[in-house]
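**Q** Sequence:
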Amino acid sequence: MFFDLNIPVTAHQGHGAALQSRKNKGKQLQVTSTSIVVFTPAQVAAIEARIDLLVHLGYTVIALNQTVEKKIDPKTHVNILDELLSQLKKRTGVVFLKRLTINIDEDSEKGFGLTSASVSVTDGYDLIALVPTTPATFSAACLTHSLPSLLTAHIIALPLTLPRLPFHLKHTLVSTAIRNGAVFEVNYAGAFGDPELSHASLGVSDTGLTAKRNWWAAAREVVRVTKVKGVIVSGGVIGQGDYRSPRDVQNLMTLLGLAQNLAHDAFAVTPKSLVLRAQARKTYRAVLSQPRIVVPITSGEAVRAPSKEPSVAQAPAQSSTAAGLSATDPGTPAPPPPTPSRECHSATEKRRREPDSDTAAAGLLIRKRRTVHQPQKKKKKHGVPRR
1 MFFDLNIPVT AHQGHGAALQ SRKNKGKQLQ VTSTSIVVFT PAQVAAIEAR IDLLVHLGYT
61 VIALNQTVEK KIDPKTHVNI LDELLSQLKK RTGVVFLKRL TINIDEDSEK GFGLTSASVS
121 VTDGYDLIAL VPTTPATFSA ACLTHSLPSL LTAHIIALPL TLPRLPFHLK HTLVSTAIRN
181 GAVFEVNYAG AFGDPELSHA SLGVSDTGLT AKRNWWAAAR EVVRVTKVKG VIVSGGVIGQ
241 GDYRSPRDVQ NLMTLLGLAQ NLAHDAFAVT PKSLVLRAQA RKTYRAVLSQ PRIVVPITSG
301 EAVRAPSKEP SVAQAPAQSS TAAGLSATDP GTPAPPPPTP SRECHSATEK RRREPDSDTA
361 AAGLLIRKRR TVHQPQKKKK KHGVPRR
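Residues 1 to 387 in full-length UniProt numbering are what the sequence shown lists, from first letter to last.
In the SDA-like style, the derived pairs of lysine to any residue whose C-alpha atoms are separated by at most 20 Å in a straight line are:
| no. | residue 1 | residue 2 |
| --- | --- | --- |
| 1 | K70 | I80 |
| 2 | K227 | S139 |
| 3 | K212 | G239 |
| 4 | K229 | G257 |
| 5 | K98 | R277 |
| 6 | K90 | A45 |
| 7 | K212 | R224 |
| 8 | K89 | A42 |
| 9 | K98 | G124 |
| 10 | K98 | V68 |
| 11 | K98 | T76 |
| 12 | K229 | A268 |
| 13 | K227 | H264 |
| 14 | K71 | K98 |
| 15 | K212 | P166 |
None of these hints come from the bench; they were simulated from the model. Fair warning: this is a prediction, and the values are worked out from it, not measured in the lab.
From just these sequences and the hints, can you work out the full model?
**A** Put into structure tokens, the structure is as follows:
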């Protein structure tokens, strides 16, 4: 079972009616939540072709990724993946997941950031990923957003094609995030594909060989800091010609310093545990699930009486006592076997403690024989001191 948890999806979004009050004249119009998400037939056909290629390469779990540039607004946010999944054709043996990627910066973290008001938005997604762009947001993603809650960030994606990472990968922050259950994602789009398409929203200025060189340096740093723990590999590719098979990705990860088994775990084992752990996001730390209302039976409702016919398991037990029971009471259970009294227990313990007379005599005879045949030690004669 192979995973690709980053299939970028974009759509044309047509806004609905806009509202403007008298007090806010001249300001930007507030868009209502009646936005219309439109997928053109060409876009749907391109996504279908990418999915068919991934299935042909051997991937069975695919996550469609929707990216949000700024802070989530529950009033204006629209889940475009629900509309897309309804238009895709049905496939057997393929699991589709919905992923939300948020590019967090200082503006998005001002005020309250990700709070309980955003739960209504994140409930519609299976995975939540964060892309930190500043040292403060990277620290918040590792320490705060990775804690178990309804807004847990499962994936921390880093812009690896930048000339230099905007923050330092500290061991304490990385180890804390991994301990909380988060993973660090390495997208191979920077090594094979066009980095301008994959990270255009993150301000990538370098293209071509320079961006690929930046990716190799940053990916090696991620592997070194994480100590090969909590690392997953995803595509993040838009063009069909840039996708690679799982074995090619495994060879790529070995060039970053991973062993063969650890490189295989990066796209097969670790993503599986991540998806299973992400299902517990909607529970209370994977202990309590969503409650169900159980309606009690009132006194006025009829309750079906239990059957009085003897069961098959009770039939052998009643065979020895059936003679003492009357023929009119076939359902009377057999009496339990008599329990031994305390006197029986005490007599048994006494027999165990006190040895048999024959056994005691044999043991005494053996002791006597040992004492008879045991050679006596000669006493050393000490010389008499001369006067």
